[in-house]
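Colleague: Using the sequences and the hints given, assemble the complete structure.
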Amino acid sequence: MGKKDKQNKRKDKDFRNGAIGRNHWLKAGYGEEGDSSVNSSDDRRRKTAVKARRNRQSDEAILKNGKEEVTIDMLEQADRRRRAKATGPLLAETVDRHACYMESVQFPSAEVRNLVNIYTELRPESTSQSRHRPTILREDFCGTGILCREWCKGGVEREAWGVDLDPTVIKYAKERTLGLDGGPECERVKVVLGNVLDDRKTLGVPRADIIAALNYGVNFFKKRADLMAYLKNSRENLAEGGTLIVDLFGGATVNGTGGRLFERRYDGFTYFFEQKPFDLMTNTSRVHLHFRFDDGSWMKNAYTYDFRAYSIVEIREAMLEAGFASTHVWIAASTEEKEAEGYVNDDDDEEDAEEDDEESEQQDDSEDGSEEDGRPTARRRKQVTSGSLNEGAYAYSRVVGSLNQLQSYNGMWPAL
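For the record, in the sequence shown the residue sitting at position 20 is 20 according to UniProt numbering, with numbers rising by one throughout.
Quick caveat, the hints were computed from the structure, so don't treat them as lab data. Glycine is no exception: its CB is placed at the ideal position from the N, C-alpha and C atoms. Each hint can be trusted.
Calculated lysine-lysine pairs in the PhoX-like style (CA-CA distance at most 20 Å, straight line):
1) K201 x K232
2) K174 x K190
3) K171 x K190
Between beta-carbon pairs, the in silico distance windows are:
4) D166 x A225: 14 to 24 Å
5) R286 x L90: 20 to 30 Å
6) R133 x T87: 52 to 62 Å
7) P89 x R123: 51 to 61 Å
8) T282 x E236: 22 to 32 Å
9) T87 x D198: 45 to 55 Å
10) R133 x N255: 37 to 47 Å
11) L90 x T284: 32 to 42 Å
Modeller: This is the structure:
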């Protein structure tokens, strides 16, 4: 295992004996160099496994107390002693929360491959005469704009437009993602402060080959009328032969009575996903994202969302009602179900720290493989377990016909 892979390995733990609720492709390495605002030094990385083991021992002690349900408050209380021993400012007070989010939630290189693969596979099924490769991406709910930046790395002919309603993330995108942390590709990225429900002429955004609303953007629409307005608007904003691609989450545990809480370990911090109990009256649930750092400090409620859970059939019917000619479904099952089928092979963080640096040199020497048409190289296919065009990158499989209930899943819904 190479240095970059060791740096980005992480381990999931579900505290409520249900499905993890996020998908295997999110467990792969981030694919970018480590962000120094979080932690990038080799010495610090070698200590991460030891600190991760202490964190797990602390969590296990809580579980042994006979508590049936672990809460974020309980975990934070268990870290009080370590926080008291910390010297200088606490990490939670100095670390960039957007950097933590991008590392723990987003994987832009894989997301770009998914978008291109889906677009390419659906071309023969389109009634449009357009057969060109996608060049213009519009990312709705773009946040820090990292997907837009990654898109433009794929070729000088590509351009990307991001739209978001939050002025703080648009400012961050311009100053950091496309500024201090950006490269020459950022000249072809534009981020716009505005409402995705606004007309494209109002926003000053051209028609796009692909409109992507990822990270559960459409789940922000709690009213079906707003969802319909967005879908109709998106259809008008697509270029000839264009595709709208949205992602959603679902499954049996999403609608469960006790909510969900799970963690993923990263270099220098642990990410916690907390879903509050599901409200049957509104089909909504509140989601909190938390970060725990190695000095015992916490960034609680770093991000909070109120999501409406739409079913597969609800979204597909809404897309057709909005005027799309066809809709399609790609599904990635939860990590829990992949483990049951023998697909997932997690290694402990301690093993990562003990591995020899010789392997990183071999890995660096082998990383000159290319990617064509959005498809991962052979080396990448092995790492992500599924890379054929039909399945898409990162274990997304196209579903035709019936689909049995899953514990949890992540899905992509393209519409032509």
